[in-house]
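A.B. asks: Sequence:
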Amino acid sequence: MEDGTQHLGHCMVDMKELSANPEGLTAAACNDLVASGRDRKPNALVQVAVIDPHKQHLVSHACTEIVEANKDPLFLTGVTFPSEYPASPETLVKLTVYDAKDKSQESSTFLGSATFSVGDLLRAKDERLTLSLRSSDGVCAAGAVVVSRLKMGEMEEVDVDHITTDIPSHKCPVVCESASHACIDRENNPLTGPVFKNPVCKVYRFQTVESKWMLVREQMEECTLSFSIPKQLLSLYIQEDMSRVQDLRELGELSPHWDNLRKEVMTRYGGIINSYQETLAELDKITGRSFKPSCCKAQKSLEFIPINLHTQRMRVTCPRKTDAFYDIVTVGAPAAHFQGFKCGGLQRLLSRYEAEKKSFSTAYQCIYYSPEHTAKAQEVLSTVSLLQPLITSLADQLLQAAQEHSSPGLRDALKNLSDKTEQLVHTLKDELVKSALLALHAARPGYVSKNQKQTPVQGGQHQGHIHQGSDQNQSPVQGLPGHSPATSVTENTAVCNNVDGSQTTTRGDGGLKHQDSIPHHKEYDEEEWDRVWANVAKCLNCVIAMVDKLQEEDNSKQEPLPEQQQLADVITSHNPGDWREQLHPPVTRLKECVMEVVEKAKRAMTFVLLQEAACSIPQGFFLQQRRDVVFSQALAALACGFVMRLYAGMQDKGFLRQLHLVGLVAQFESLLSTYSEEIGMLEDMEVGISDLQRVVFQITEAKTDDLSDLQPLVCGRRDHFTVEVPLPRLVFQTLPEEIRGGKPLRVFPVLFNVGINEQQTIAERFGDISLQERINQRNFEMLEAYYKSLSEKVPLECLPCFQTQTDIKELLETLGQNVVTKKKKNVEILWIAGTICRRLNGIRFTSCKSAKDRTSMSVTLEQCALLRDEHQLSKDFFIRALDCMRSRLTQGDIGQWEDPEAGAVTENKPASRHFYPIALLLVSSHLLVVWLILSLVFLLAKYQ
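Residue numbers (the UniProt record's numbering): 1 to 944.
Please keep in mind that the hints were generated in silico from the structure rather than gathered at the bench. Each residue gets a CB set at the ideal place from its N, CA and C atoms; glycine is no exception. There are no misleading hints in this set.
Using C-beta positions, here's what the derived DEER-type ranges look like:
#	residue 1	residue 2	range
1	Val209	Glu282	53 to 61 Å
2	Glu68	Glu278	46 to 54 Å
3	Thr392	Thr814	51 to 59 Å
4	Thr814	Phe732	36 to 44 Å
5	Lys653	Cys296	40 to 48 Å
Computed list of lysine-lysine pairs in DSS-like fashion (alpha-carbon distance at most 30 Å, straight line):
#	residue 1	residue 2
6	Lys197	Lys94
7	Lys602	Lys538
8	Lys41	Lys875
9	Lys809	Lys823
10	Lys415	Lys602
11	Lys297	Lys197
12	Lys197	Lys703
13	Lys429	Lys591
14	Lys231	Lys602
15	Lys71	Lys94
16	Lys591	Lys602
17	Lys41	Lys71
18	Lys415	Lys600
19	Lys809	Lys793
20	Lys285	Lys297
21	Lys591	Lys549
22	Lys263	Lys602
23	Lys793	Lys743
24	Lys653	Lys321
25	Lys788	Lys653
26	Lys197	Lys300
27	Lys852	Lys197
Make the full structure from the sequences, and use the hints.
C.D. replies: Here's what the structure looks like:
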């Protein structure tokens, strides 16, 4: 195949009025083009425009890629028009050919144009038109263009030589795609309309190793979840913080010291609530936009919105083979760009914060709780808040079943009530709850411990410090994680109940340790809490015993003697009221005990969180806001990927089985460097992706089939979120029973990072890449654990089949070796991890700073590799396909092209056609070093 082999490409025009499916037009191939300079061959490109016959103006512009130095070009690339553009039999399509003669000066010359109507194409024989290119003077013929329709679902087997051989005439084909599958009507599709919108399509035609043609179609879409998920999260954050403020108010009366801390913490929460409310109000004003461009990444009002969140699907159609789909989500790295990275990202800031929190607790004279205890307190609060209304509702159902004299209903309600009550009792048995109640008791006004009364004040020369208590006052929880040996409650209350802590405190030899322990007081009735939650269990037992008694009595009356029938009927007629009357006292007592125990537990856990917040002022609140921002971006991306994967797998029983038995792996590929600001971005991203482990998904049945009722919803609080994905009723009914029953569906996020830019070269030679190494090692272990769980619960037959039959275990072993290997810019880690993700039915994400250059490089390289490995893309076409997918001109640029009839166009500025230097850098870091040296030499020579 000679240099400048002809390429085929096409573009699509919506023709809804002509058929139910949108139509597509592809341009262009040309013969015997003549460049403006006779001593050179033209660098041809074709501009496609649609002309509205009623308004007589150009509606849209789109371009093919540039085919260099070829007078008979046939383009690979297609360009797509959105469905809202007018398309009727009278719609005119204009093809204009340019010669991009001097790319350094970014100028081009008009060569010729041709115009036809959609009706002409549909009426033509075999739906094929031959058009002459008309020069600017309208006289000279500049060649010909052939336009025809091509259906993606009816891939033709065309001999390659038929297209690539020189044709004596000036004719060359331009293919028109009918695309019954080409451009789905997304906005009216119940499985895409509410989430994905504004599709941008490109279509290519590549040669296989068997000299056949495959048709490849890319479709990129925006996702409405870019805004809807963050807005829902903001509402939940506001609701949670307002609830926290209310809980602090309900703590009751506290000593002056604790009361001052409470007021300060409430003020901080109020500031966060106001800030989030302002952000939410700003987001509500935004209409029409579905993604945040990278130029807005540091804008405060958009800090919760992910950067450039898009989905991309590549569809491959080959002769005599089933179409294949490959999905990927591209998004900018979840990071707090507005807050900046001067002090690092979340991972570094949180580590430093935990190390300094003990000293904060000393300064604020509060109690230090480890992160484990704080997380446990949040879990207890969330659990009891969920279980209390549930238990109350189940108790009412039990009484209703008694009223109806329904034995089956009584048994079912009792079983559910027993399960939830036992779950509550198990939650409240935690030692942290008991210890926190003791600490809260010691924080009440006027509390004075026995030790404090008996310990004389020694002059005041050691004011502000605490005397060590005796062994009998040691805390029983000193062995809990995160705590040093405990001290007496006297030490804490002497500080906490006196505003300045200087009137009654002395210092022993042990030094300051009060911030390292949970207080415990001997005089306080330690058994009171045990009695409170034990009463719940006793009341439940009473209810169970009463139900058993009623059912036994009912069974004994099931077979009355004939002469006793009338009396039995009278007794039975009174049984419904009797059952309810007999059950009402123990059920009421159970509800009262549950109410009492929940109130005590909520106050205790709120007191724990009060101290956590107090000793973290102000740094802890800033970190929480930063974490909220990063998590919002990460969750929006994850929800987008989950919905996309769910929609694609609705007919795959193996996938649905895997979904509810194990869950899905979500593999995030990051291309951030470990140098300068991008270190902070990577540290933010690491924490944000890790926090996604607190998210589960549920599939629900939509109330109606209206698109507004199919929008995913988020509920929960910071320690646990649930994303509900509604589906239309008919679709929902086809799902497995477990999914329809509301089973939580888990997602296992893993992150792999390999920096590929010039900053990473500097980091590897002069900096530190330990962060990248640690992330890759840790997430490899998580991926390996997921595969082990998957192989135990799901048959491997449920997983997708690929042409490359490499065993997943072998791929994991290779990945593990690469993770521990000291190799610069080891992009094999990303390739292998991506392959494993696809083999495991996972969700693929690719990120860099802004999801633009590096991300597009990675995605296009992966797509071409898939075409080569799975669809036998010819090796001669690999670089051409890669170059074609990376061409920026294929996106079109309305503002850069003047009216072609005006002659030469010198002010347009076509973007760079390809990124070969960067593509080579992906292969070898040594080439990057050479490139940097040559660039430096060039700059020195230029300025000297």
